[in-house]
Amino acid sequence: MKKEELRHIATLARLEMEDEELELFSEQLSQIIQYFGELKKLDTEGVEPLVTPTEIEYWMREDVVHDSLSTEDVLRNAPDKRGHLFKVPPVV
Amino acid sequence: MDLLKLSLSETAEKVRKGEIKAVDVTKAYLERSKSLNKELNAYISFNEKALIAAEKVDQMVANKKDPGLLAGCPIAIKDLLCTKDLASTAGSKVLKNFIPPYSATVVERLEAQGAVILGKTNLDEFAMGSSNETSAFGSVKNPWDVTRVPGGSSGGSAAAVAAKMGLGAIATDTGGSIRQPANFCGIVGIKPTYGRVSRYGIVSYASSLDQAGPMGVTVEDTALILESISGHDPRDSTTSQKKVPQWAKNLKGDLRGVVVGKPKEYFEKEIDSEVQKIIDESFEILKSQGATIKDVTLPTAPYAISIYYLVAPSEASSNLARYDGVRYGHRAESKNIEELYMKSRAEGFGREVKRRIMLGTFALSSGYYDAYYIKACKARRLLLQDFMKAFQGCDFMLSPVTTTAAFKIGGRIKDPLAMYLNDVFTTPTNLAGLPGMSVPAGFTKEGLPVGVQLTAPHFEEQRILNAAQVIEKHTNKEKRKPNVY
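So the protein sequences, as listed, match chains Y and W.
Residue 49 in this note's numbering sits at position 41 of the first sequence, and the numbers go up by one each step.
Residue 415 in this note's numbering sits at position 395 of the second sequence, and the numbers go up by one each step.
Among the clues, some could well be false.
Said to hold, decoys possible - Below, computed lysine-lysine pairings styled on BS3-like, alpha-carbon distance capped at 25 Å:
id	chain 1	residue 1	chain 2	residue 2
1	W	284	Y	49
2	W	363	W	116
3	W	113	Y	89
4	Y	89	W	363
5	Y	89	W	355
6	W	282	W	307
7	W	465	Y	95
8	W	409	Y	48
9	W	47	W	363
10	W	69	W	25
11	W	363	Y	95
12	W	47	Y	49
13	Y	89	W	116
14	W	428	W	297
15	W	113	Y	95
Unchecked claim - Just a sample of chain W residues kept apart from chain Y, beta carbon distances all over 10 Å, derived:
id	residue
16	33
17	224
18	330
19	400
The set of hints was computed from the structure by calculation and includes no laboratory data.
We put the CB at the ideal spot given by N, CA and C, even for glycine.
Chain W extracted, bound-state conformation:
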């Protein structure tokens, strides 16, 4: 049996039944991943203890104990999450040699469900970027076309899943960093409702926006990973006490009575014609299963980039103040404490990170705080109100993830503002704390994947998982694979 041909749920089931060994699955994925990584650079490091973890899973099965939902499944972890005793770099020189003494809650929960951590994936430095070109460990290549970006900031996780260098991945999304790379790499990516998944042990970028979430090949597989990591965590006071539904089990394709919102302002942007065609087809697919389409309006949405690029860098400037060279991270040669701070930070941080720290420091500084940061927070409330009002008339919304498919490496990095404008469709979701996902829905003539974005009200992930699976069933008939296969 070719172990690499099994899906995540198939692998977990066969491992639980004892039909296959977790150790063999891990060996197969490790070998393939190490080989492909030379070209794609999706992983920053591999877990040398992966086989030991896999062995433990096989032992549990031998002792007639249930290893869990993700038994024996190799999962990639974005290097923004702390993994105990495994280097966790955040894609930065600052944390190049940082070995955390604890694991993120998300990692602990995956391990509790029998998952095997395969390694730490590459990302834009401190999760700041939309192309995985700002990493201190080199760019990641898109498996569908290695001259193009995989998206960002979770480019490594997305590339790993797309190239079958793991059965799934964990990534994070602050302004689109799960959905956009999932879209560019032709895989499923879910950003849960703010508060659904614990942020404990995840390197903070913007605390009111950050959420960890799964990436996978199918909607069902990705929903299983989401179930494994969700739920209240006493160590993160922003997590919700709401019960975690059995999303995978409850997937249903009957959309009769379901109303799909089409946010008018999103479609007023210049969208590539091939992307538009795939979006239109997706609306038709949902209609064919009983749904009705309704135009909705989000008048504040056109301001989302300004709101996001004021709120996120402001929070980041505060969160990244901890990197002072005192307790961990890069320390520069210095004669006194002032130099310690100034030089360590200057030497450690990359350009994009510095840019955002400066932006945030400016927005929070005396004389500008009200006009910029507070103004943005007020606008944020208006945006949330827009969504709440629109959701009174629809069950969820469908829109593009980005205006184009994956762009060329080096194509946008020189113009920061042009890069920021990539996030026009994804940032509103984070600002409003809503659950959002990207599901593959087609390809451009050049063979590049295009996904559609689904956004639901707070805690209504089931609605978009259902719709995503419908779209998945009706579009992936030819089962294309990237060249690296």
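Next comes chain Y alone, as it looks inside the complex:
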């Protein structure tokens, strides 16, 4: 896991990273990813990936509107807000 590759991953993950931390992670993640190499020994030809481990039970509900959270509740933990809107620094 070279530092440049890691920097790309960090950008994808929206994580600002110091050089020192990138250095440490480069070492540790390389070791971990190398360990994962053992999976190559498994024959998974024709095997479907599994995500949900139990049988998915499908069910439907009536299309009825229920009360949800109030705007006040939703905004309660907002770091910055104006009226009923979340406020953020410039996007463009």
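Use these hints to put chain W onto chain Y, whose structure you have.
Same frame as chain Y, but now just chain W:
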């Protein structure tokens, strides 16, 4: 009467009958817990409204109404679950000041059964860890030996139950986070079948692995808590519609005709000799009650760590993308939206969380997705198939929870891979969605608790609860207690 000497079921019964007051029980536990917490750091916060809740329970009794299965019982809640109007931090700087506007379904159901929420317990940050050393609120100490870890990620819940800072606790288990700390702290811990308990209102780590579950002192008590929280929830579409059995009432100790599986690959790992001895004794105990032991094989199990540490961080990288500083959580000083994301997340998340986000982002990224994430998902199916095949020949399996008893604080944190390898026996259970539990079965020469792990097929919790109670009856004769008592 010393209220602290009553078990959970005894307390609930006496409160329902009006023999004792929920308020007095809560006062006793709050006082003891606040005092012990200075050393153990099991709780991040206490519920200042606990006495009001207890008062309501006493009122119900006075009005001849049944307050429920857990009447007046103080329960600790892992700080990964949302509790309305009570700070819920996930053990992270990110959510240090987060006050949820709603409670998790699990919390609502506990309250509906008359339980009193005592406080929020400490945990590894975002449930990522096996030692409770990654919390932004400090490490938790093992009540049996304060120089050792209580286990993780639910270290606070386990320490609280072991030190009698509550009558039970709720925790979560994604790769072993209920079973491993229960094992290290000498208490009972159950991870239910995936889909048995609602994840609504629980901070997500890995959505196909996470399950909330109870911790308690006895199998019966822990089963009662599990009954209280289980069952279909329309707000979590992965919950099962299957009826919730009366597990506690149906506990039975006759194991004639029962076949216990011994998974061969688990015993090929280097297990501490004292742990091995206790495992061997547990097999003998089950045999003495009529069970037969059968060797079974899980050929994919040795790959479980690789599978887990690809699947879980991948799901986590997606689940933790919501912490962007926009609607809640830590927000950094920033000039534009890019900086908002990059800095808020960098400042808020601890090192282990960042490591796993990076691992997951890598595994899901273009060029690596097939070789890593998809490969792991395919291997996961092979592992599930192994379990299904093995369960055709046995009713449940017995194995160690970990290779050693509790290790020293600071002993493994510097080597992430060494820490991950702790989870070798617990991760297969989550990957296959099976119910699993840890029950105390003995002590090392140094006086550290050792538990055994029981794993059953999907939705067959009763089988392992029965076996666990048999082991419990035959091993806790001396009724040891941690020094903090």
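Hint check: residue 363 of chain W vs residue 95 of chain Y, CA-CA at most 25 Å. Holds or violated? holds (17 Å)
Is it true that the CA of residue 282 of chain W sits at most 25 Å from the CA of residue 307 of chain W? This hinted pair holds, its Cα atoms lying about 13 Å apart.
Verify the proposed pairing of residue 465 of chain W with residue 95 of chain Y, using a straight-line Cα cut of 25 Å. Answer violated: residue 465 of chain W to residue 95 of chain Y is near 59 Å, above 25 Å.
Can we trust that residue 330 of chain W is non-interface, i.e. its beta-carbon lies farther than 10 Å from all of chain Y? At roughly 6 Å from the nearest Cβ of chain Y, residue 330 of chain W sits no farther out than 10 Å, so the non-interface label is violated.
Beyond 10 Å from each Cβ of chain Y, as asserted for residue 224 of chain W: holds (14 Å)
Given hint residue 116 of chain W paired with residue 89 of chain Y - CA-CA distance at most 25 Å: With a Cα-Cα distance of about 19 Å, the restraint between residue 89 of chain Y and residue 116 of chain W holds, given a limit of 25 Å.
Is the straight-line distance between the alpha-carbon of residue 113 of chain W and that of residue 95 of chain Y 25 Å or less? holds (21 Å)
Hint check: residue 89 of chain Y vs residue 363 of chain W, CA-CA at most 25 Å. Holds or violated? Satisfied, since the Cα-Cα distance of roughly 19 Å is no more than 25 Å.
Under the criterion that the straight-line Cα-Cα distance not exceed 25 Å, is the pair residue 409 of chain W, residue 48 of chain Y satisfied? holds (23 Å)
Distance restraint between residue 47 of chain W and residue 363 of chain W, which requires alpha-carbon spacing of 25 Å or less: violated (43 Å)
Straight-line alpha-carbon gap residue 69 of chain W to residue 25 of chain W, limit 25 Å: holds (24 Å)
Hey, residue 363 of chain W versus residue 116 of chain W, does the alpha-carbon distance stay inside 25 Å? This hinted pair holds, its Cα atoms lying about 16 Å apart.
The structure fails to meet hints 7, 9, 12, 18 and 19 from the earlier list, while all remaining hints are met.
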